[in-house]
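Engineer: Listed below are the residues making up each chain.
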Amino acid sequence: MVVPDISTELSGIRLDNPVIPASGTFGFGKEFAELYDINILGSISVKGTTREPRFGNPQPRIAECPMGLINSVGLQNPGIKEVVEKELPELCEIYKKPVIANISGFSVDEYVECAEAVDKVENVGIIEVNVSCPNVHAGGMAFGTSADNIAKVTKAVKAVAKKPVYIKLSPNVTDITEMAKAAESEGADGLSLINTLMGMRIDIMRRRPVIANKMGGFSGPAILPVAVRMVYQVSKAVKIPVIGMGGVSSARDVIEMMMAGASAVQVGAANLTDPWACKKIIEELPKECERLHIEKLSDIIGCIE
Amino acid sequence: MRDTVFKIEENKRIARDVYEMLLKGDASDIKAPGQFINIKLDGFYLRRPISVCDWKNDEIRIIYKVVGEGTKYMSELSRGDELLVLTALGNGYSTETLLNIIKNEPATRVVLAGGGVGVPPLYGLAKRLSELGVKPDVVLGFNSAEDVFYKEEFEALGLSVKISTMDGSMGVKGVVTDVMKDEKGEPLYDYVFTCGPEPMLKAVYNAVGDGQFSFEARMACGFGACMGCSCKTKYGNKRICKDGPVLYREEIIW
Chain P
530 MVVPDISTEL SGIRLDNPVI PASGTFGFGK EFAELYDINI LGSISVKGTT
580 REPRFGNPQP RIAECPMGLI NSVGLQNPGI KEVVEKELPE LCEIYKKPVI
630 ANISGFSVDE YVECAEAVDK VENVGIIEVN VSCPNVHAGG MAFGTSADNI
680 AKVTKAVKAV AKKPVYIKLS PNVTDITEMA KAAESEGADG LSLINTLMGM
730 RIDIMRRRPV IANKMGGFSG PAILPVAVRM VYQVSKAVKI PVIGMGGVSS
780 ARDVIEMMMA GASAVQVGAA NLTDPWACKK IIEELPKECE RLHIEKLSDI
830 IGCIE
Chain C
39 MRDTVFKIEE NKRIARDVYE MLLKGDASDI KAPGQFINIK LDGFYLRRPI
89 SVCDWKNDEI RIIYKVVGEG TKYMSELSRG DELLVLTALG NGYSTETLLN
139 IIKNEPATRV VLAGGGVGVP PLYGLAKRLS ELGVKPDVVL GFNSAEDVFY
189 KEEFEALGLS VKISTMDGSM GVKGVVTDVM KDEKGEPLYD YVFTCGPEPM
239 LKAVYNAVGD GQFSFEARMA CGFGACMGCS CKTKYGNKRI CKDGPVLYRE
289 EIIW
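Protein chains in written order, with the working numbering: chain P, 530 to 834; chain C, 39 to 292.
Bound conformation, chain P alone:
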């Protein structure tokens, strides 16, 4: 058998493989570049950026769960100015492919300003609009749980961005396909899903929440079935490409996500427990394709009826 073709495509951008580290689990790539050549990655979704610098939420921000974790980092980031002037150019030095700039906001204006700023950066291939962060009040997920708000943000960002705009959706809704359709109707070029599921842990000895902010975003292998289901539902409901994510930890998970309808796949929590996770998945993908008699990985996208 010939070597399987594991390349894929997002809005006209060819990716060598579908594996993309998810925003917030990979910083701006530096820590991982010390460990392996990150140029093997299909792309990188960089740390979520807001207009102003943010320290994020109080400690503790992390709670362990069976097959996953809850985080309440709260969008800690250096602000759009530093990301555009320092972080993205520095990433450009160590990573030679187009990246995904992840932006967040607390108002439509803030999303627009962030989108305008990253749109001008050469190594940005796609703008990923996070309307689904569960860890900030009056922003993030507040947009992502209302179809009207998603439509407003999408429309406003599309009006200023020349680059493809992907809306990152929250799973914390009654019907995610409504959110997906709202984004599509206002011109979104693609969708990223799912963000974390709202969760909570309690320290039963001390009788208080483990996380200072009480609740946070649950991620890890435990949420893979929810993510596969939502990627399946959304990809059937819209015509634009979907980046699938949520608990992906192996080449088999990547294939499952693509069969559900994902054109590319993001790997999140797995990077935190194994810093070489993306590298291992990329190395395993061709072998797994061979085992499953997949000659061209992109042929399986949405193959489940």
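Worth flagging that the hints you see were computed from the coordinates, not collected in a lab. Careful: at least some of the hints might be erroneous.
As the list claims (entries may be wrong) - Calculated pairs, DMTMM-like style, for lysine to aspartate or glutamate (alpha carbon to alpha carbon, straight line, at most 25 Å):
(1) Lys78(C) to Glu813(P)
(2) Lys103(C) to Asp732(P)
(3) Lys684(P) to Asp638(P)
(4) Lys69(C) to Asp803(P)
(5) Lys743(P) to Glu169(C)
(6) Lys816(P) to Asp41(C)
(7) Lys94(C) to Glu184(C)
(8) Lys78(C) to Asp732(P)
(9) Lys94(C) to Glu107(C)
(10) Lys691(P) to Glu619(P)
(11) Lys78(C) to Asp566(P)
(12) Lys45(C) to Glu107(C)
Starting from the known structure of chain P, arrange chain C on it as the hints suggest.
Structural biologist: What follows is chain C alone, placed relative to chain P:
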């Protein structure tokens, strides 16, 4: 940083709920005392960050307290069991900084102040300082006599060790800072290396004018990717796991 399989050589109880584990494997990337390792445990999603007590090229000694399910699982492991370990995490203590201070001020009075499971990294530090010709005093604080460990090990390095216990069952009744001043209440030390619970670190901060403080934090990754353990310092936001766990006294914001 490396991810290496280590084999357990020894895993024994040394005080109430406190265990000492000797791991055999390639530890050659550990550069400084006060660095930590992050241990993968079967059945637990996140690794367990534990400070290095002492190390050689082919072994790591850790001391940990059973505080939850993960450390309970660790305490039940036996000789020959294998563990996947991320090694050489964090900055560790800088002995060089102290040597530079001593060069200018040879009379600098140095102390190592540890509380509970904050004691272990100070042992590796004490060993290396001894090799460099520095003989610091050691003050160790525990809740009770049954919690005390490593007193003899520090003494075997030829160092003076003072113990404080909250209930007075061993040493001086009180906290570590009670044994860091003379009868008149004057400070006995100019420079401190410390590790322990945050209230203790704060007390030590107020008792000694200069030094290096090792902080504990709830972490996810342990190598600087997730921003789970960020803190504010006078020099900007830092990650306890990557930019710490050791912070200089001058940069700490409580």
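Engineer: Could you run down the list of hints and mark each one as holding or not?
Structural biologist: Going through the hints against the structure:
1. Lys78(C) to Glu813(P): holds, 22 Å
2. Lys103(C) to Asp732(P): Satisfied, since the Cα-Cα distance of roughly 18 Å is no more than 25 Å.
3. Lys684(P) to Asp638(P): Answer holds: Lys684(P) to Asp638(P) is near 12 Å, not above 25 Å.
4. Lys69(C) to Asp803(P): holds, 22 Å
5. Lys743(P) to Glu169(C): violated, 47 Å
6. Lys816(P) to Asp41(C): holds, 23 Å
7. Lys94(C) to Glu184(C): violated, 29 Å
8. Lys78(C) to Asp732(P): holds, 22 Å
9. Lys94(C) to Glu107(C): violated, 29 Å
10. Lys691(P) to Glu619(P): holds, 23 Å
11. Lys78(C) to Asp566(P): holds, 24 Å
12. Lys45(C) to Glu107(C): holds, 21 Å
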